[in-house]
Amino acid sequence: MTASNRIWANLRRDRSGMTGLVIVMAFFLIAAGVWLGLLGQGWSLADGGRWEPASAEYWFGTNVLGQDIFQRAIFSVRTAFDIGLLVALLSTALGAVLGAIAGWYSNSWIDGSVLWLKGVLDSIPFYLFVAAVAFALQGKPWAMHVAMIATFWTTTGRLVRAEVMKIKSRDFVLSARAIGLPDLLILARHVLPNTSHILLVQTSIAFVAAIKTEVILSFLGLGVQDGVSWGLMLAESTQEVLAGHFNNFLSASLMLFALLMGFNLLADALQDAFDPAQVSV
Amino acid sequence: MNTPGQPLLSIRDVVVEYPAAGPRGKAFTAVRGVSLDIPPAGVLALVGESGSGKTSLARAILQLQPAVSGEMLLHGTNLAQMKKTELRRARKSIQAIFQDPQASLSPRRTIGQTLLEPLEHFRIGVGAERMERADKALEAVGLDPRLRERYPRELSGGQRQRVALARALVAEPELIIADEPVSSLDVTVQARIIELILELRESLGIAFLFVSHDLSVVRQLADSIAVMYLGKLIETAPAEQLFSNPAHPYTRSLLAAVPVADPDHPAPQVLGGESPSALTPPTGCVFHMRCAEKLDRCLAEDPVEREVEAEAVEHRVRCHLWNS
Amino acid sequence: MTEAVLKIRNLRVLMQDAGRMVPAVDGISFDLHAGEVLALVGESGCGKTKTAEAIMGLLPRAPASLQTGRIDLEGTDLAVLAESALRKIRGRDLSMVFQEPLTALDPVFTAGSQLAGVFRRHRGSSGAQAREQSINMLQRVGFSDAPRVMQSYPHQLSGGMRQRVVLAMAMACRPRVLIADEPTTSLDVTTQAQVLTQLTDLGRDSGTAILLITHDLGVVAQYCDRALVMHQGKIVEQATVDKLFRSPGDDYTAELLSAVSRSTSP
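Residue numbers (the working numbering), protein chains in the order written: chain A, 1 to 281; chain B, 1 to 324; chain C, 1 to 266.
None of these hints come from the bench; they were simulated from the model. Don't take every hint at face value.
[Stated by the list, open to error] Okay, the calculated beta carbon distance ranges per label pair: (1) 16/C / 26/B: 44 to 50 Å; (2) 169/A / 252/B: 32 to 38 Å; (3) 252/B / 144/C: 19 to 25 Å; (4) 154/B / 19/C: 16 to 22 Å; (5) 139/C / 86/B: 55 to 61 Å; (6) 257/A / 26/B: 54 to 60 Å; (7) 25/A / 128/B: 38 to 44 Å; (8) 149/B / 137/A: 47 to 53 Å; (9) 103/C / 26/B: 25 to 31 Å; (10) 19/C / 238/B: 52 to 58 Å; (11) 128/C / 80/B: 58 to 64 Å; (12) 89/B / 66/C: 56 to 62 Å; (13) 265/B / 12/C: 36 to 42 Å.
From a predicted model like this one, the values you see are computed outputs, not experimental measurements. The beta-carbon is built from N, C-alpha and C at its ideal position, and this holds for glycine as well.
Can you build the whole structure from these sequences, using the hints too?
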């Protein structure tokens with residue numbers, strides 16, 4: 001059995017993992033629907049009454065401006081995926097590259113510099129860092145993305161570095177060096193592909209972290225500027241809850257919870273499915 | 001090219017050191033001045049136990065580990081002084097196969113991709129011709145060319161080592177350095193790989209430097225044997241002479257320790273003392289601490305290499321018992 | 001013939017592999033007698049390690065593995081014992097030495113404290129008694145400087161030295177049965193001679209029955225009294241070592257012997 005077959009077989013047997021996968025896929029389809037202009041397009045229309053309760057027209061009711069909460073919640077799925085995917089993919093890629101280089105040249109000045117950079121970034125309180133980046137980028141909408149990518153890569157980097165240090169002494173790497181292949185080619189062709197189990201799991205973890213971070217940032221006003229997200233909805237809802245209107249709060253939190261739960265189940269199952277004891281190289 | 005009688009690979013006084021790890025560590029000298037010759041199409045076995053330095057020497061020849069001093073001459077030209085294109089040609093001439101069948105092949109690449117890699121890197125052949133060469137190499141090692149599509153995990157240990165051999169062959173080398181290639185294989189599989197190596201040497205004239213700790217394996221293939229202990233070459237001899245007339249006390253202990261698959265054969269003899277730490281080598285002869293026949297000289301003076309008998313120039317030993 | 005200390009009857013072990021249960025050990029039966037060295041020999045995948053793990057109760061829990069058959073240690077069936085009861089027996093009456101000396105010892109404790117721990121746990125020795133017994137045991141496995149080894153951490157010892165410490169721990173309580181699974185495969189040949197000689201000497205001294213698992217026929221010939229040849233989960237031949245080498249009864253045994261003899265003849 002090839003490696004991917006075995007991983008898939010393991011995953012299939014894990015019920016909570018499959019549940020997670022189904023949930024994530026469902027949300028992904030919703031996000032795709034929004035991207036394609038099929039769903040959630042009316043998120044900014046303010047044509048309802050204030051705080052209308054759930055009805056046939058407004059499934060989750062309306063907020064203080066008369067906007068359709070359901071449309072906003074649906075649109076927010078796309079926002080979540082936008083941020084989640086971008087940050088997850090780029091931070092994992094950055095972590096993989098820097099981690100691989102640090103691991104390959106371990107105990108040299110190259111390794112030292114990467115580790116130093118990691119140490120510095122890990123020590124800065126995250127929200128201060130984001131505020132500083134947002135300020136420096138003068139409020140551009142992707143300030144938040146840059147800040148997240150710049151800090152999330154460190155975990156992947158550390159894990160990949162450790163794995164590369166183990167892989168580089170394996171015989172197939174020695175063989176590649178023995179015929180004289182250049183280092184970077186060996187890293188790209190022979191070493192990094194063998195860290196894919198780490199990268200896949202880290203991507204899903206980063207996705208979750210990005211979404212959670214966006215919620216807090218939006219709450220603080222540092223997050224999403226154009227469009228709507230669950231974070232913004234939650235921020236809006238704080239006042240509303242005091243007035244006894246829970247729809248905004250509930251829809252945003254429940255959807256957020258469902259997506260994060262699904263992703264966590266999937267990430268755990270992926271980690272088990274990639275268990276080296278069963279899929280060893 | 002080769003002048004008649006000139007060795008294919010000549011190693012002179014090579015020293016290999018590993019730098020100190022951390023501020024309080026010591027530099028560790030794995031190979032302390034070893035000289036060897038490998039004739040074209042010859043099979044030289046490099047034998048020794050852990051800490052002997054044999055693997056470090058093999059890696060130094062492959063330029064995987066820098067030699068601190070000494071020379072390595074391929075067809076008379078110093079490997080360390082070669083320019084890039086010359087070195088590339090040298091690398092093509094000297095191929096390697098390693099020990100661990102679990103990790104000797106890149107796990108995420110098919111057999112075909114693994115075989116094509118040296119062909120592409122050394123620019124041998126063009127296009128479809130490369131595939132043909134890969135197929136021929138697979139057949140030469142007794143494997144079905146259709147295995148090209150498979151991944152290493154789908155093959156047995158013996159099959160993987162054959163693929164490793166095929167990969168070495170595809171570059172049309174003059175010398176293959178084999179570092180414990182059969183140690184992790186079952187004895188029946190070992191026997192077949194050894195036969196294969198002998199066939200390849202016959203039909204293609206490839207020389208082998210066979211690094212091993214297993215004397216019974218070495219006996220089946222070597223023309224000559226070099227025995228290392230703690231970084232020094234303590235005895236070199238044509239294979240049969242080493243087994244019938246071992247000169248150095250360590251060689252004799254090594255031979256006596258091998259359990260023979262015959263219950264009537266005398267029991268293996270135990271070599272006394274502890275195996276030495278390669279980090280703090282003894283003064284004088286490297287072996288004196290465990291030697292049953294040591295003389296006073298042995299504690300202070302490092303013996304010089306001499307012939308065992310005046311006429312038998314190929315049987316050399318580094319021992320005071322032969323230095324009188 | 002002395003009474004059998006360990007009687008295996010119809011042992012079957014099934015391992016889970018991608019959803020299916022595959023037989024690793026396919027119905028084997030044999031006896032192990034006090035003071036004898038019995039070789040369990042075969043190539044990789046023949047089931048010899050799984051046999052050892054089954055006897056020691058070290059197989060992964062169901063459904064990853066399934067085991068049937070009787071493992072009788074002087075009247076007690078180990079196969080049906082609860083883990084707590086097994087734990088009392090392990091280390092005291094039934095010991096095992098594994099292949100990999102690098103991982104057999106806990107890296108954060110000294111060799112001495114690990115060895116003394118065995119005496120304290122199974123023989124109820126006090127700290128000082130355990131220390132003395134440990135030094136004694138280390139001398140018996142051939143260490144000339146036992147006090148120094150007591151204080152050393154595993155990473156300060158060579159592979160052969162670690163394996164001898166593990167051997168000391170396994171034999172500390174003069175167990176009825178010792179299972180040694182390829183104990184010298186990763187060691188140099190000169191160290192192998194040292195470890196195996198000590199192992200068999202100690203065994204004969206204390207009347208321990210030794211099951212020596214190996215793929216090396218030389219080891220079988222030189223150190224063992226009887227041998228079991230395993231192939232694909234079954235025992236294909238059981239004989240004294242003399243008979244096995246002179247007139248093997250089974251084709252597979254003959255094939256193994258010829259592969260080995262090719263390597264030793266000029």
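*Which earlier hints can't be squared with this structure?*
none
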